[in-house]
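One-letter residues, chain by chain:
6 protein chains.
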Amino acid sequence: MKKGIAYYNIGELFDYYMLVKAATKGMASNGKPFLTLILKDVTGEIDAKLWEATDEDEQLFQAEQLVKVTGEVNQYRGRSQLKIHSIRPAQPTDGVHPTDFIEKAPVQKEELMERLTEFIFEIQNPNLQRIVRYFIKKYQEDLLVYPAAVKNHHEYVSGLAYHVVSMLKLAKELKHLYPEINQDLLYAGIVVHDLGKLKELSSVATPSYTLEGKLLGHIPIMIEEIGHAAKELQIEGEEVLILQHMVLSHHGKAEWGSPKAPLVREAELLHLIDLIDAKMNMLNRTLDKVKPGEFTERLFAMDNRTFYKPSFED
Amino acid sequence: MKKGIAYYNIGELFDYYMLVKAATKGMASNGKPFLTLILKDVTGEIDAKLWEATDEDEQLFQAEQLVKVTGEVNQYRGRSQLKIHSIRPAQPTDGVHPTDFIEKAPVQKEELMERLTEFIFEIQNPNLQRIVRYFIKKYQEDLLVYPAAVKNHHEYVSGLAYHVVSMLKLAKELKHLYPEINQDLLYAGIVVHDLGKLKELSSVATPSYTLEGKLLGHIPIMIEEIGHAAKELQIEGEEVLILQHMVLSHHGKAEWGSPKAPLVREAELLHLIDLIDAKMNMLNRTLDKVKPGEFTERLFAMDNRTFYKPSFED
Amino acid sequence: MKKGIAYYNIGELFDYYMLVKAATKGMASNGKPFLTLILKDVTGEIDAKLWEATDEDEQLFQAEQLVKVTGEVNQYRGRSQLKIHSIRPAQPTDGVHPTDFIEKAPVQKEELMERLTEFIFEIQNPNLQRIVRYFIKKYQEDLLVYPAAVKNHHEYVSGLAYHVVSMLKLAKELKHLYPEINQDLLYAGIVVHDLGKLKELSSVATPSYTLEGKLLGHIPIMIEEIGHAAKELQIEGEEVLILQHMVLSHHGKAEWGSPKAPLVREAELLHLIDLIDAKMNMLNRTLDKVKPGEFTERLFAMDNRTFYKPSFED
Amino acid sequence: MKKGIAYYNIGELFDYYMLVKAATKGMASNGKPFLTLILKDVTGEIDAKLWEATDEDEQLFQAEQLVKVTGEVNQYRGRSQLKIHSIRPAQPTDGVHPTDFIEKAPVQKEELMERLTEFIFEIQNPNLQRIVRYFIKKYQEDLLVYPAAVKNHHEYVSGLAYHVVSMLKLAKELKHLYPEINQDLLYAGIVVHDLGKLKELSSVATPSYTLEGKLLGHIPIMIEEIGHAAKELQIEGEEVLILQHMVLSHHGKAEWGSPKAPLVREAELLHLIDLIDAKMNMLNRTLDKVKPGEFTERLFAMDNRTFYKPSFED
Amino acid sequence: MKKGIAYYNIGELFDYYMLVKAATKGMASNGKPFLTLILKDVTGEIDAKLWEATDEDEQLFQAEQLVKVTGEVNQYRGRSQLKIHSIRPAQPTDGVHPTDFIEKAPVQKEELMERLTEFIFEIQNPNLQRIVRYFIKKYQEDLLVYPAAVKNHHEYVSGLAYHVVSMLKLAKELKHLYPEINQDLLYAGIVVHDLGKLKELSSVATPSYTLEGKLLGHIPIMIEEIGHAAKELQIEGEEVLILQHMVLSHHGKAEWGSPKAPLVREAELLHLIDLIDAKMNMLNRTLDKVKPGEFTERLFAMDNRTFYKPSFED
Amino acid sequence: MKKGIAYYNIGELFDYYMLVKAATKGMASNGKPFLTLILKDVTGEIDAKLWEATDEDEQLFQAEQLVKVTGEVNQYRGRSQLKIHSIRPAQPTDGVHPTDFIEKAPVQKEELMERLTEFIFEIQNPNLQRIVRYFIKKYQEDLLVYPAAVKNHHEYVSGLAYHVVSMLKLAKELKHLYPEINQDLLYAGIVVHDLGKLKELSSVATPSYTLEGKLLGHIPIMIEEIGHAAKELQIEGEEVLILQHMVLSHHGKAEWGSPKAPLVREAELLHLIDLIDAKMNMLNRTLDKVKPGEFTERLFAMDNRTFYKPSFED
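Chains as they are written, first to last, in this note's numbering: chain A, 1 to 314; chain B, 1001 to 1314; chain C, 2001 to 2314; chain D, 3001 to 3314; chain E, 4001 to 4314; chain F, 5001 to 5314.
Extracted from the complex, chain A is given alone in its bound form (with noise of 0.2 Å):
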């Protein structure tokens, strides 16, 4: 496959396909239509002009659209816009697929699942393997799908259920290294403590919050499925409690959406590991973009701090 759009440099020709994300129209200052189109694939998005575009290109480039693109990698305002030469609908002849475009977990969700289940399989207080396996029957589907942001971190296909899988891996060595850990407690918490963003979040490939995500989101949504699950399970313990005070805390203070901050040890984990696996990723997929030597972009979700890689990296 070609390079991706977020390693073409500016000034360099681009001539690959596309998918469009978003489409607008637009009047030029000499008052000519024009379309601003959002074009992506695995590995980024940019802003890409189409000038003096006609009624009929309004129509054939829309979102969901593949395209076939050339044009002009260039710079406006900082930021990467392309300065489109020539534009197409992709044919059925060209090969190319539109799940093609779309960012994905790098690991398939046929693996994810069963990685999940092994964990699962670890939990042996029944209380909580009981609602854990509610839940996972529940929502299997959209799991193993939904990203697990709008952006910032693991925003791709699958990404909740990865951002999922590498919370427990990290869990398991934390249990090795302090024993005093409660592990099916753990294990609980890092596995439904954001499956309230399957209601928060409208759709997998363009998500966007849904009005329920919006008035309530994922935290106390959650909340209230737990509540449910015991109910129809009948389940009665103090297990049931707990479980909702590490989603409830897991963002760990009240000023980021926790009425309640940690008051267990493993919610105060659960909020650690959940902080290092979202930071590991904005990190490595940012620094991947870079070469030693250089800072990366401004990562707004990291106090839109600039990282550098030091030269000696190879």
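Honestly, the hints are just simulated from the structure, not real lab data. One or more hints might be untrue.
The calculated DSS-like cross-link candidates involving lysine-lysine, where the alpha carbons are at most 30 Å apart (straight line), are [to be verified]:
(1) E:Lys4279 <-> F:Lys5260
(2) E:Lys4199 <-> E:Lys4253
(3) E:Lys4279 <-> B:Lys1253
(4) F:Lys5040 <-> C:Lys2032
(5) F:Lys5032 <-> A:Lys32
(6) B:Lys1214 <-> A:Lys199
(7) E:Lys4040 <-> E:Lys4021
(8) B:Lys1109 <-> B:Lys1021
(9) C:Lys2137 <-> C:Lys2109
(10) F:Lys5104 <-> F:Lys5002
(11) D:Lys3253 <-> F:Lys5021
(12) B:Lys1068 <-> D:Lys3214
(13) C:Lys2214 <-> F:Lys5151
(14) C:Lys2253 <-> D:Lys3025
(15) A:Lys138 <-> A:Lys199
(16) C:Lys2021 <-> C:Lys2040
(17) E:Lys4002 <-> E:Lys4109
(18) F:Lys5021 <-> A:Lys309
(19) F:Lys5260 <-> E:Lys4253
(20) D:Lys3138 <-> D:Lys3231
(21) E:Lys4291 <-> B:Lys1199
(22) D:Lys3289 <-> D:Lys3104
(23) F:Lys5021 <-> C:Lys2025
(24) D:Lys3138 <-> C:Lys2260
(25) C:Lys2104 <-> C:Lys2172
(26) A:Lys32 <-> C:Lys2025
(27) D:Lys3021 <-> D:Lys3260
Since the structure of chain A is already known, use the hints to place chains B, C, D, E and F on it.
Then chains B, C, D, E and F, alone, in the frame of chain A:
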């Protein structure tokens, strides 16, 4: 009835009944045991010292015991303290009852129920009315006697119901001034907003935080409760979500325990009405204890301010 | 009257009169001059572009000019923008007047004066009444036409008086609910609290901040005014000090411009009533522009929130 | 004169005169009354305990009384405390006077007045000079004896005038270094900036906050005063407004009590000069009490820092 | 060995050896001297009062003295306090040694050194390895016995080395999960990050802050040390700068003492690993002292939270 | 010389020489390339647009090139912008030199060196004097030409030395007013406090942050430098530590980059003197560009305030 303990000045002699709220044994620096009692009547509390206490004293003077006490009101580190001259358990023949020494809302619970019923009767949206009636039925007994908080405002018997009725009255007036308000929504939100406190607090007379209260808090508890109610009642309309949002956001901002700030007009109003009624309750009860031209004690829940009562009040 | 500009959707054609609020000349990237006009009617404002503007255009279309304009409502960087097709100055024969295009309070100034008079009549404390009457007499003319602010809330003709009357109504209801309130003090505080704005703001129609407004602000201006009034009226009672304190503290805390937080019950109430009336004014006017099931634009003065109008509203 | 109380070490015996600043009666845990006295001389204060105090003791040892006392300097909860061995009221024949025990500025008030007059003589702008002279004339008596604060800095007799003269000297040097400074404005601002304290504080010897001080504070009080002065003097120039702005903004930002931050160069300088002189006063007086190689006690008004005196000082 | 002092309940009698950590003399309100001793064993500390202490007592019971003590565990202001019945210095024949009463890391220092050596052996970058070896050689003796802090976490003998080894283990696992990590850099950063504490803290057994520690702190001290080391070793590569940056930024943000936030992936990880290991150390040791179903005491260094140990723990 | 660019009004024609500070190529919405030039002279900078730029233009007009330009000063988004009518490279025969277009300190570097030498000569403490002389010798060349910052204050040739000399003058006056000051310490601290900027910034003419500057910053760089100097000079006294502390703390608090707040009197003074001189430099240069009765542009480094120049200035 005699003047309440809150109205005694330094140096005055006290000679009447009070209720023991708590008793702890200490060791004086001369090596002799003493008892520290917290004594209360409907106007307030006072620390009291019983020096050179015997084992019998320790048995007699425990929490919930009604006592006849004489002593002098002193000052210790800026707070009043009663130096006990004599103390004995109250006798049946004394004609006093523990309930006479516990603060209560200024309105009887029967009348509060009546008011509440009238307001609920005005709710016309069937979904909202069914949910509200469900909760009134489920929690009526506790709702009519619980305090609204452990301290700060409405922290007395029937405080919660009194607070809710006050807020409903205020809501009614606001609807009159701002007719755009959705009265059904606002009334429903007011009635249910603090019901989670019935699970967050342990009891009516000496409320403390339950484990559920500490790990979840009354807001998430109530989100879950509304979800259950809607399921049981098979209500599916947007009213359920909006009502959950109103409860979730009624503390106003994340730092104050609401992961979502109010995003619906009536949610914003619920927050403001709650604020006003809590503040007026604190201010009126505190100002009631000082004379014109004086400052009150510091009000912790109002940024530790001390308020002035103008000398031209009458 | 025609539908107001605030109610037009993207793509609709506009063909009616508007008032030019501001006009600036720019140079397009093709080197040709154009005019950016801000056009307004009673419902709102819109940016408009007149491309390839002539010198004559520049002369004709200046602030305060009433124009007849046709054009298409576009979207530019997330905001509406009018692409002008044709534009001409309004003629006397068109039968339209500038005042029809300036937003006004929903109540006539004569009626506002009447309400105000009724409330002031209820003030019984002679010192407070004399001070209030002094100011009403001194500022009556301006008070009845000034806006309450440059933007955010009650930013229209007679906005200040309308805001004051709304607050007085709310105060009256609160007095009913909380009889401990000193009504004279609260009424007096409400009437005078924002009068400093008559010196802080430059004019009724296109208000900006005066030098005095920028360097002192309406609160210190009014503290001084009350002092002068008391001197002229030879009033010496504590009422003067308390009234000054109410004005000084009505923004609630130091960060918001009140060097002293409210330390008198009625000062706290003045702050809360001000808050509620300002918020309701913003919310109602903004929600009025969206349909049930939609979110409003962001409200900068309310923490940049966007509010939802429930779909079961009618 | 004897070594001041601030210079005694733990374990040393004290045997000299001090002034009683406050006296309160307490009840020891053995049931016997004792007196807690705050004793002071010009170097500082110390808490003192008179155990088993008689009624006569209580009569004799009251605030403002000069006493001869012997006792041992102990430490109690990290603070010095004097255990009184013997105490008696000072006699006329002892040849000591209360004023010898109150801290005063290191410069006589006559000399302060002279300095002040010299500086004011340099103000050439007639409006500024007339206002400044007006205030000097109106408040001369109090200005020359009042402290600059209740605690923290220049909290001694003539502290305010001493602070003002120090600031004027500093201003003169700054004018020399930065000739762009408007010297008239800066001098005028310095002289009047804290005059509101004459109304904010209750007295010279034992200053506390007046009602006016608590409800308005010295800044708004002085805004009003300048307004009155200008009216009386029939001055209308912009100088009045700028001078009011300088007073209003001299605390630097809203959180510190200035609703407007400095927006004029000389207002910013006034703020900075005030800061430096206050800090130098605190630092010098505190460091004076420790030896090279030691840390001072914590300075609350300087972020609770404890300062180090280098061992190579001499 | 006997049950440690941390596990005694109120009311229990203590009869064993403890080490005197500090002793101060006080004066009781009956005028008689008493000693306040802080006594400790490996599980914790307790305040103890020896009433009516003689001069001989004062001589005998000083810091570092091992004592045999009997007494009753009381509660005073919410904290445990030992009322001493009898106390005597320990005798050689008692067969107890001071080192048995000082808390130590759960791993022997020889083993810590071995682990450390293994990890350092894995560093392949020659510059980093040389710097790390330089410091291990220079500070080996202190590194193996110093605590990691004065209080809060790893505040015991060999705490620093134990903390470093724990962090290295965690780093090894993270490298396994996120292979992009530069292991050499992370290992080197972990080994040196806190070595400045050897100069910041005064001693192993009773650490306090040195003058250098108070005026510079361990982070700037270590920046300078790395610079010196590089000069001595004549190393010029970018590794020196990156290693200094890692030490500089390991507290995560300016407010916490790192003038630069982490700007290199491994610097961010160093910060996170440090956080986790410190928190797990605090949590595990605190939770170890409570039973399932109980809350711990407040942990000051963890936002003053009190943690819950679930009742289904075993 | 001609009027500087900072003094042109909107609409005026510019016709003189300027230096190209930066040049970037863009694509106009009509598809034609244009150049955005930043042009500067000693009074300031202006953005300029060269529409329809040729490849030759792109070659000719690059950074550091001196150009002759005519054009009109327009306004774009509230900032001045030069619309270029004609532009050509300056010729040797034009008699202009690049150095005439770079802002410099108002004092020659030779005179700055002389002043500096005089002040250093006054330092009597031998350790401090040796360290200061060491640095002056090591860095003399750069110190005399470097700016004090990339922007905000003293951001011109010789800005650093000019700032240091101004601060020394101010220190001398303060020593006069507050004789307790240790003059040697204060002088030494002032001279070295910002020398780390010689490594933090990349060059004199177009300074940007070096890698060392970004990852460490000038404060830690200088701590290390002082340590090295002391080692080389074999100085061991406390002066080294105190001087390092002064540099470390001179930004005043952790949030501003000083992990330790000033804990020595002269460290506090260094911070205050730095603050005053930086602010006066910003204020004087900005106010110099406006007329009496006007407000300046916003000063980002002074909380984004805009300052007023009183109309009675002359």
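Would the pair Lys4279 (chain E) and Lys5260 (chain F) pass a check requiring their Cα atoms to be no farther apart than 30 Å? Between Lys4279 (chain E) and Lys5260 (chain F) the Cα gap is close to 24 Å, so the pair holds against 30 Å.
Is the hinted pair Lys2214 (chain C) and Lys5151 (chain F) satisfied, with a Cα-Cα distance of at most 30 Å? OK: Lys2214 (chain C) and Lys5151 (chain F) at ~27 Å, within 30 Å.
Restraint check for Lys5104 (chain F) with Lys5002 (chain F), where alpha carbons must lie at most 30 Å apart: 17 Å, holds
Run the distance test for Lys3253 (chain D) versus Lys5021 (chain F): straight-line Cα separation, threshold 30 Å. Judged against 30 Å, a Cα distance of about 37 Å means the pair is violated.
Decide if the proposed pair is consistent with the structure: Lys5040 (chain F) and Lys2032 (chain C), CA atoms, cutoff 30 Å inclusive. Judged against 30 Å, a Cα distance of about 26 Å means the pair holds.
Going straight from one Cα to the other, do Lys1109 (chain B) and Lys1021 (chain B) come out at no more than 30 Å? It holds: about 24 Å lies between the C-alpha atoms, which stays within 30 Å.
Given the proposed pairing of Lys1068 (chain B) with Lys3214 (chain D), does the C-alpha separation stay at or below 30 Å? 42 Å, violated
Are the Cα atoms of Lys3021 (chain D) and Lys3260 (chain D) separated by 30 Å or less? Given that 30 Å is the threshold and the Cα spacing comes to 38 Å, the pair is violated.
Restraint status (C-alpha distance of Lys5021 (chain F) to Lys309 (chain A) at most 30 Å): 29 Å, holds
Is it true that the CA of Lys5032 (chain F) sits at most 30 Å from the CA of Lys32 (chain A)? 15 Å, holds
For the pair we were handed, Lys2137 (chain C) and Lys2109 (chain C), check the Cα-Cα distance against 30 Å. 15 Å, holds
Against the 30 Å threshold, does the CA-CA distance of Lys2021 (chain C) and Lys2040 (chain C) hold or violate the hint? With a Cα-Cα distance of about 7 Å, the restraint between Lys2021 (chain C) and Lys2040 (chain C) holds, given a limit of 30 Å.
The structure does not agree with the numbered hints 11, 12, 14, 27 stated previously, though it agrees with the rest.
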